[in-house]
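Enquirer: Next come the chains, spelled out residue by residue.
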Amino acid sequence: MSKDIKVALIGNPNTGKTSVFNRLTGLNQKVGNYPGITVEKKQGICKLPRGVRAHITDLPGTYSLNTTSLDESVAVEILLNRNAPDFPDLVVVISDVENLKRNLLLFTQIKDLRIPAILVINMADRMKRKGISVDVPELEKRLQTRVALVSTRKNTGIEELKAIIENYRCLSCQPCMDIASIDPPYFDRLRKAFPNEDLYKLWVVITQDVNFTPLQKKLPGGEKSFEIKSRQELKKLQHRETIRRYQLINDILKETYRVDLKAAKGLRAGIDRILTHRIFGYLIFFLILLTIFQAIFDWSGVPMDAIDAFFASASEWVKTSLPPGILTNLIAEGIIAGIGGIVIFIPQIAFLFFFIAILEESGYMSRVVFLMDRLMRPFGLSGKSVVPLMSGTACAIPAVMATRNIESWKERLITILVTPFMTCSARLPVYLIIIALVIPEGRFIGLSYQALALMILYLLGFVAAMVSAWALNRILKIPSRKFFMVEMPNYKIPLWKNVFYTVVEKTKSFVYGAGKIILAISIVLWFLGSNGFSEEFKNADRIVTERVKKQGFTTYSKNYIADNLDRYREALDEEGTTPLGPQRLADSLDARQQDLEARALSQEISSYRLEHSVIGKMGKLIEPMVQPLGYDWKIGIALITSFAAREVFVGTLATIYSVGSDEEETIKNRMAAEINEEKGEPLFNLASGISLLLFYAFAMQCMSTLAIVKRETNSWKWPMLQLGFMTTFAYLVALLAYQILS
Amino acid sequence: MEFWQHLLAYLILAGAVFYLIRKFLWKPRKSKGCDAGDCNCH
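Protein sequences, first through last, are from chains A and B.
Using my numbering, the letters of the first sequence map in sequence onto residues 1 to 742.
Using my numbering, the letters of the second sequence map in sequence onto residues 1001 to 1042.
FYI, nobody ran anything at the bench for these hints, they're computed from the structure.
For clarity, every value in this text was computed on a predicted model and none was experimentally measured.
Watch out, some of these pointers could steer you wrong.
Stated by the list, open to error - Negatives, chain A to chain B, calculated, CB over 10 Å:
(1) Gln208
(2) Ile326
(3) Thr328
(4) Trp409
(5) Arg443
(6) Leu459
(7) Glu505
(8) Lys516
(9) Ala520
(10) Ile521
(11) Phe527
(12) Gln551
(13) Gln739
Stated by the list, open to error - Covered stretches of chain B (chain A as the covering partner; in silico rule of three or more C-beta atoms under 8 Å from a C-beta of chain A):
(14) 1008–1014
(15) 1017–1025
Beta carbons are placed, not taken as given, at the ideal position from N, Cα and C, and that holds for glycine.
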């Protein structure tokens, strides 16, 4: 062989491409381990066994031929121009043994340019430690090329690589996939317009223009007119191409690439073995979840109480400082109460996202995805469904959108349909307030009952999602292909700046996103609760005063007066004012009783007025439906308004109770003071509380999620089925729970 | 004073109702070419 050959080295950043270049050429260059070190063209000469000289060019690192930067574009430009002096006889694609899937995307693209290409799997020395095995002959057969296992660190495989380079003429130039299959009519037109050009090369040139305008590439054939698709359409086709390539790569790697975690050695592998262990893995994950929920309750109590008290006093201040009138009442009872209903949950939501960000930053979340894949399979889901499901604990909307990377339509559809069962952050305010009201504050082996209750609700959402997925997997008759691959990042100490930004961004989006809706609904509700058209509403003062005169106060008011009077008497005793004499004491108690009776009367009037207001009438209409679940008409109203967004529930109740009460109390106290008029007991007791928690755990109370499901499935059929099933299921479970517990 | 209180209160109500309608019932169409499929820009 006399002719020198031109070889181009190409690969993803951080695959050790420059190290391979150094080993082949003997040139001494600096090699770093940060992305994008190779930003310029480097050349060297390699002497091959039979005296042939290979002129090797080290091209800049790139993830694919769809370039987005100048240095990536340099690499692609060389491969596209067969007349250029640097156009290679052979391309050597360098890959990293731990990230083969991602690296093969570039390899298949280069192969499709019909340039002889070989695959180098670098860092082969890590294979044993990571428990990786590669079936090289099978991989060569599937990719129609030669594969070299190389370790530049141990200097192994380099001579074999040189031999393969020397025999490059034996390599097949068959493409890996038919690019025309992504849009046959378009590629047919392209083929007719440029009959002498290679189709995939044309496609890369066209998309180069789409991705990277500064180069202003021209289609070969000069002035020939060809109707080019819009940028958006081309982008869509590019996405389709990438999906097809990954499907192909998944199929190839399924047969040729294995990771056996049991065989893996080293610290990271050791930690992986424990964290992804069949038993310990789940146990550790369960303990981490428990710790998170415990911390949410234990650490956020103080700031929450402070926020609650602040809004109560702000409301009081507005009422006493501003001139009396409709606007003052709207601000004090509608706006402040509504905003307070959402701001109070900032500490708990911030803590939740703080822990989630730490899990993601440390690399543990990927292990959870891997761990859960085993659990997902029997339910018709894959490990890829875990990411949307985990995202669903923040919000179902981005979670439903995150299902787009699930290749199988059936798995994707099932994931979309079950994701809303996951406990999203909008459910958190509802859970927190109800748990605080109905679950006692005691502890069990150091864990508070309230934290346990919250964790059970999270698990319940997950179990509901899994059971539904299992059922859907059997019901839906959609043919599908199943595969799962996940890249495990190295463990690292979380970057606190990133954690901080995540917490701030998520909390801000929760407060601003939900806050605006809650504020608007609170304002509308206040108007509906403060206005009425019936005679009862207009004459509420007279009617209630006459009723109290004739029949006396209601049981609740009697208890309210008696309790407060007892407390007052006890306070006087403690202060030692009784020695002043029995007459003074009696006068003081008398004055206090009159004051309390006036307050009770005012409260009964407010309550009566609310009952006969517009919202009261609406609530009474739906009361027969919600009564069997242990709810009154006020909760019924909150159920309706929270269909816009779940977190509106607390704001609604805060507004309704604020309108119906003259006392400036905290939200929790207002809710705790509510009485079931029929039974004369607290409205929020264990039975009604559990019933409400279960209703919110399963009901599809989110208009935005329905809209996004419609968009992702391109049909109203699935969101409507989802709404019908989840709401019916939630109603039945809540009904059952209340009837059993009450 | 009462007049201004009423005016401001009802203006706030109108704003809230308008916001809710825009949010849930009537949404302006997004620009062409972006609303049809998964162009990854949402």
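Enquirer: State for each hint whether it applies.
Expert: Against the structure, the hints come out as follows:
1. Even its closest Cβ contact with chain B, about 19 Å, leaves A/Gln208 beyond 10 Å, as expected for a residue assigned away from the interface.
2. A cut-off of 10 Å between C-beta atoms contradicts the statement that A/Ile326 is not in contact with chain B; the least separation is 5 Å.
3. The non-interface label for A/Thr328 is inconsistent with chain B: the shortest C-beta to C-beta separation is roughly 7 Å, within 10 Å.
4. Every Cβ of chain B is farther than 10 Å from the Cβ of A/Trp409; the closest lies at roughly 13 Å, confirming the non-interface assignment.
5. Look at A/Arg443: its CB is around 42 Å from the nearest CB on chain B, clear of 10 Å, so calling it non-interface holds up.
6. Non-interface call for A/Leu459 relative to chain B: holds, since the shortest CB-CB distance, roughly 31 Å, exceeds 10 Å.
7. The claim that A/Glu505 is not at the interface with chain B holds, since no C-beta of that chain comes within 10 Å of its own (minimum 18 Å).
8. A Cβ of chain B approaches the Cβ of A/Lys516 within 10 Å, the least distance being about 7 Å, so the stated non-interface status is violated.
9. In this structure A/Ala520 is not separated from chain B by more than 10 Å, as the shortest Cβ-Cβ distance comes to only about 4 Å.
10. For A/Ile521, the condition that its CB be more than 10 Å from all CB atoms of chain B is violated, with the nearest at approximately 7 Å.
11. The claim that A/Phe527 lies off the interface is violated: its Cβ sits roughly 5 Å from the closest Cβ of chain B, which falls inside the 10 Å cut-off.
12. No Cβ of chain B comes within 10 Å of the Cβ of A/Gln551; the nearest lies about 35 Å off, and the non-interface call holds.
13. At the 10 Å boundary, the C-beta of A/Gln739 stays outside the reach of chain B, the nearest C-beta of that chain being 34 Å off.
14. For the region 1008–1014 of chain B, the stated coverage by chain A is satisfied: 4 residues place a CB nearer than 8 Å to a CB of that chain, which reaches the threshold of 3.
15. With 5 residues having a Cβ less than 8 Å from any Cβ of chain A, the region 1017–1025 of chain B passes the three-residue criterion, so the hint holds.
Of the numbered hints stated above, those contradicted by the structure are hints 2, 3, 8, 9, 10, 11, listed in ascending order.
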